[in-house]
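*Asks:* Below are the chains, spelled out letter by letter.
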Amino acid sequence: MKNLLHEELWDWKTSGIALGIVFLIAIVFVKPIGVSTQFVIFDGIVWSVFDNDLITKDATAAKGYSSTNEYLNKGGGKYAKSIAKPINYSFIFVISMVVGGLLAFKLQKVKPHKEELTCPTVWSNKFGKSSAKRYFVVFLGGALALFGARLAGGCTSGHMMSGMMQTSLSGYLFAFGAFALAIPVAILIYKK
Amino acid sequence: MEIVLAIIIGLLFGFVLQKTGAANPQLIINMLRLKNFHLMKAILTGIGLSSLLLFLLMTVGLFDASHISIKTAYLGVIIGGGILGIGWAISGFCPGTGVVAAGALRKDALFFILGGLAGAFLYTLIFGYIKSGFLFDKIGGGKATLANTGIEKYIALIPTVSPLVVAGSIGILLLIVAKLLPDER
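Protein chains in written order, with my numbering: chain Y, 4 to 195; chain H, 5 to 189.
Hints may contain errors.
27 Å max Cα-Cα, derived DSSO-like pairs, lysine-lysine [said to hold, decoys possible]:
hint, chain 1, residue 1, chain 2, residue 2
1, Y, 81, H, 135
2, Y, 117, H, 147
3, Y, 117, Y, 34
4, H, 135, Y, 60
5, Y, 114, Y, 81
6, H, 142, Y, 132
7, Y, 16, Y, 136
8, H, 157, Y, 129
9, Y, 81, H, 111
10, Y, 114, H, 135
11, Y, 34, H, 111
12, Y, 81, Y, 16
13, Y, 88, H, 135
Keep in mind that the hints were calculated from the coordinates and are not lab data.
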């Protein structure tokens with residue numbers, strides 16, 4: 004056990020079994036894991052600070068809240084409700100993931116080189132060590148990833164892992180779309 | 005009680021994603037370049053094993069089927085998946101692993117999250133204009149699964165074969181592919 008806590012990287016078998024168990028625990032005790040919706044919830048929380056009318060209590064809405072924004076108002080106001088009450092399962096779950104990542108990193112015996120934490124080797128081999136360049140491209144990548152995830156209605160966690168676990172058609176379609184573009188783009192961009 | 009579970013399962017998930025290397029863009033990019041299959045093997049094992057165990061628990065009645073949650077299949081799932089794929093390939097992060105990488109003190113992951121918040125915000129603003137368009141045309145009836153979940157609101161695409169056989173075969177297939185894939189190329 005001690006080894007597993009301090010190892011920098013688990014072998015693929017341990018990794019796969021651990022991933023499988025976590026996805027199973029989540030659906031058995033609560034619901035399938037998902038992440039990308041919480042980016043919308045966070046946006047909404049910040050937005051509602053500047054716009055008092057964005058989210059309102061609404062007894063006629065299925066979830067008890069409504070929004071002036073059509074996306075946040077969708078599904079009977081379920082996003083509106085989560086924005087009004089951020090102490091809910093899905094939001095706390097994602098915040099807790101950050102702490103889980105930190106904990107795993109802190110327990111690591113071997114730490115990666117500081118530069119590696121900004122630019123992975125595969126990046127600096129091709130584009131050099133400028134962190135500003137990397138930050139700009141990662142920002143763009145983040146914008147594309149979350150825009151795509153919201154259009155798809157889920158991300159790698161919600162659609163691919165949780166979806167395919169339940170043999171959901173949408174999960175296979177998402178995985179197909181994601182890999183069909185990610186593989187050629189990665190090969191082209193990072194070609195030596 | 006739900007909040008306690010959110011904290012525990014969130015911690016576990018974040019911890020595991022970091023330890024499997026999924027929060028390391030080097031491993032993600034090299035997986036997508038078809039150079040290093042460590043993560044691919046781990047992901048396939050994870051999906052195969054959890055699916056097999058899930059339908060096993062369902063068959064013996066130890067799983068509360070109301071926890072099943074199937075997302076709708078529509079054209080935007082494939083196109084959105086593709087757009088996510090581009091962002092995933094150039095940055096080396098996806099939404100979940102970006103969040104975990106930020107926890108593991110990666111500075112670039114903070115910019116992924118900022119970009120992600122911007123991308124999600126842009127979608128929030130334009131949704132009203134695209135919501136009735138072709139992007140949301142359903143595929144396969146919408147909320148559909150291959151294995152029969154026994155839940156009426158979800159369409160079973162293979163209704164006559166036992167769900168354990170359907171999900172179990174796919175699960176075992178994924179486990180075999182995971183085992184056969186080489187570590188590196």
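*Asks:* Hint numbers the structure violates, sorted upward?
*Replies:* 2, 3, 5, 6, 7, 8, 9, 10, 11, 12
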